[in-house]
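Colleague: Read top to bottom, the protein sequences are chains A and B.
Numbering-wise (our numbering), the first sequence opens with residue 395 and increments by one.
Numbering-wise (our numbering), the second sequence opens with residue 49 and increments by one.
The hints are simulated quantities; they were obtained by calculation from the structure and are not laboratory data.
Cβ coordinates follow ideal geometry from the N, Cα and C atoms, glycine included.
Mixed in with the good hints there might be a few duds.
Said to hold, decoys possible - Capping the alpha-carbon separation at 25 angstroms, the derived lysine to any residue pairs in SDA-like fashion look like this:
1. B:74 / A:522
2. A:698 / B:279
3. A:487 / B:172
4. B:118 / B:128
5. A:428 / A:533
6. A:487 / B:107
7. A:487 / B:115
8. A:698 / B:281
9. A:517 / B:111
Stated by the list, open to error - Chain A is faced by these chain B residues, among others (derived, beta-carbon under 10 angstroms):
10. 79
11. 80
12. 114
13. 256
Unchecked claim - Chain A side only, calculated, beta carbon under 8 angstroms to chain B, not exhaustive:
14. 472
15. 550
16. 554
17. 779
18. 780
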Amino acid sequence: MAKATFVVPALRQYPQVPAVTPGTMAHSAPFVAKPEFQAPLGFPGELADDWQAQAIAKMGELLGKYRSLRVYMDSCVKCGACTDKCHYFLGTKDPKNMPVGRQDLMRGVYRRYFTLAGRIAPKLVGATDFTKEVLDDWYSYFHQCSQCRRCSVFCPYGIDTAEISMAAREIMDSIGVGQKYCNEIIGKVYTIGNNLGLPGPALRDTLEGLEEDVYDETGVKVRYPIDQVGADILLVTPSADFFAEPHVDGLIGYGKVFHEAGVSWTLSSYASEAANFGMFIGSYENMRRISLRIREEAIRLKVKRIIFGECGHAWRVAYSFLNTLAGPWDFLDSRYPVPQHICEFTYDLIQQGKLTFDKTQNDDKILTYHDSCNVARGSRMGDQPGGQFDIPRAIIKAVCNQFYDMDEDTIRKRTFCCGGGGGLLTDDLMELRVKGAQPRVEALNNVMQEKGVTHMAAICAICKSQFTKVLPYYGMEMDQIVSLHQLVSNAIVLTPREDDEDDEDDDDSQALDDDDSESVDEAA
Amino acid sequence: MSFLTGLYAFAFYFAALVLVAGLTWKVVQYARTPAPLKIPTTPAPITNSGVVLRMTREVVLFESLFRGNKWTWIFSWIFHFGLFLVTLRHLRYFMDPVPTPIAFIQPFGIYAGFAMVLGLAGLWARRFLVDRVRYISSPSDHLILGLLVLIGCSGILMSFVVHTDIVSVKAFFLGLYSFDLQPLPADPLLLLHLFLVAGLMIIFPFSKLLHAPGLFFSPTRNQVDNPRERRHLAPWAARLEQR
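Looking at chain A on its own, in the form it has when it is part of the complex (with noise of 0.2 angstroms):
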């Protein structure tokens, strides 16, 4: 078990609501960016003497840009029907940490600025200056939201906490006041082109290395290639892919799938990044910023496609936003939808009886499935609703022999979030991420001991990343998460090319620099 300086929460059989235990999480708070990290995303490097005035003015700018934020500022009545659906509150007792009392903490301010009622009577309707001490509230409690939605499914009015959170970030960005680990990452991805910060000849080199290893195992020449001009399909995903376990046996998997799809594709190493921690600060400009790099490679690769790997909060921006950011895609194949991503693309090849898998493969584990929340409440797959439930899940089914699900309550849209995601995964929030974690474990634990489940599948970056490090807390093993294209890698027949005997190098081949990747503690 890992070590904690922290009580690490119990796992029950019957989950409970905790009783209300003010400032149990007013410690916690993610590292400040340097100057240095400010910079490059265009936000001022400090707090300014009039932080206050900047601060107030940017929340009247973000209301007469965002709806949602107009809307959901004026709009709770205090119901307490999301009291008890976040994560974080589940697994820290914090009130702050209820959907309701993270809005609070701008509905407060918003009341005090920007309402009749907060002007006149502050104490009456909860409203509050914007001081410094309620700032640092906000910069605590507002990187204690996964940005998740789960409580946007229960309010009888939608109130989107991400939205709220979102726009806090922005706000506090827009003074000086940024989160290290989003903003230096995004500084990453704007000069190296991934979070990671790999560069191109690391890549190549490592999915050169992938090819060997596919080869010794299989004996078949499954290609994994990058920077190709005129590919069919532009691969777009997230970093953590190319580098680290049980992410790079998905990269494997994908790249199996699209050989016996016979079709030609292409990574890409400008583009080389699926996630968008744009959209976690709530920075529209840096959202689309990141965004434009896969319109520049998609047009520079003239490729007729794109597919994103697995990744959840970059498949929201990918499926809810690509089209707004970027778009429009009316110079890629018009018979696809753009993008697409590659549970649909390998679903669609198993629909159509292209694929042989061998089950017994995965005899060795029996599978759960994890619905990644930007997944499940922030995108769709297929053309029906609800199909990015079903799709992976048909995935897992004719490919594994064993699948049970977890409880109905903590599955699909009402799915909890792994406790890492909207920015969070950062270790000077390891107390946060065990704790937000809880929920989802104990929903693992009750289906391991029900079911003799031994894995569970997902497809986001951020989950596998958050559990291979949060299950050894709750007395589990980090390799309990695999990645769903792990799964589809293990059991799926391959088919051998003619040239499959012969040892040669191919063709495409490129001089390898011998830079090596800098050496990153965190996969993202």
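Chain B: place on chain A using the hints.
Modeller: For chain B alone, coordinates are given in the frame of chain A:
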């Protein structure tokens, strides 16, 4: 014309003006604020008619609240449905002749007052009994509940215990349409009832009662899930593309 009649006439002109102008202002504000990104809480309908159906379920059945909390759902649905019937019933005091449907619901409307107060009592009890709800309640939350309970109780008392001269009340309100002030009966219960209703109308556009129009503008509920098929672009976001 008595002082009271003049005062209440003024109060209702003022309250009606604040209510209509305030709500119009808020609705226009909501409508004019762009929703730059597609953010329906999925799974969401993929057609316009699907969204109409989803919104109807939210407005009529409180679908999301039902998922969220059964106690809150049952109390708030009883309250709102009661309030709806009571409001319809009260239309008879503002129209002449009384339309048949309004006349038809009269008996239901009278008892709906009890449902309304019962629902409110349940909602209010939660603010004391459930620690999470107690934590998030501010004084205004209690005051609005108190206001509605008093309106309901004073109304019920007039229906069942201390009747007022309802014909004169109707004449008073019909007279307001043409600035022809008719005397208002000086019954304390009636005066209290009307005073509180005018107050409710006035605070409506400045309080959480804005949840009523707000629901219709909630992007997580009223957006169609079709971002890949249709490009969605807010005017301010389109300007970024021209740079």
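Colleague: Now tell me, hint by hint, if it's right for this structure.
Modeller: Going through the hints against the structure:
no.	hint	result
1	B:74 / A:522	holds, 22 angstroms
2	A:698 / B:279	holds, 19 angstroms
3	A:487 / B:172	holds, 23 angstroms
4	B:118 / B:128	holds, 15 angstroms
5	A:428 / A:533	holds, 15 angstroms
6	A:487 / B:107	violated, 32 angstroms
7	A:487 / B:115	holds, 22 angstroms
8	A:698 / B:281	holds, 23 angstroms
9	A:517 / B:111	violated, 33 angstroms
10	79	holds, 9 angstroms
11	80	holds, 9 angstroms
12	114	holds, 9 angstroms
13	256	holds, 5 angstroms
14	472	holds, 5 angstroms
15	550	holds, 4 angstroms
16	554	holds, 5 angstroms
17	779	holds, 4 angstroms
18	780	holds, 4 angstroms
The earlier numbered hints that this structure contradicts are 6 and 9.
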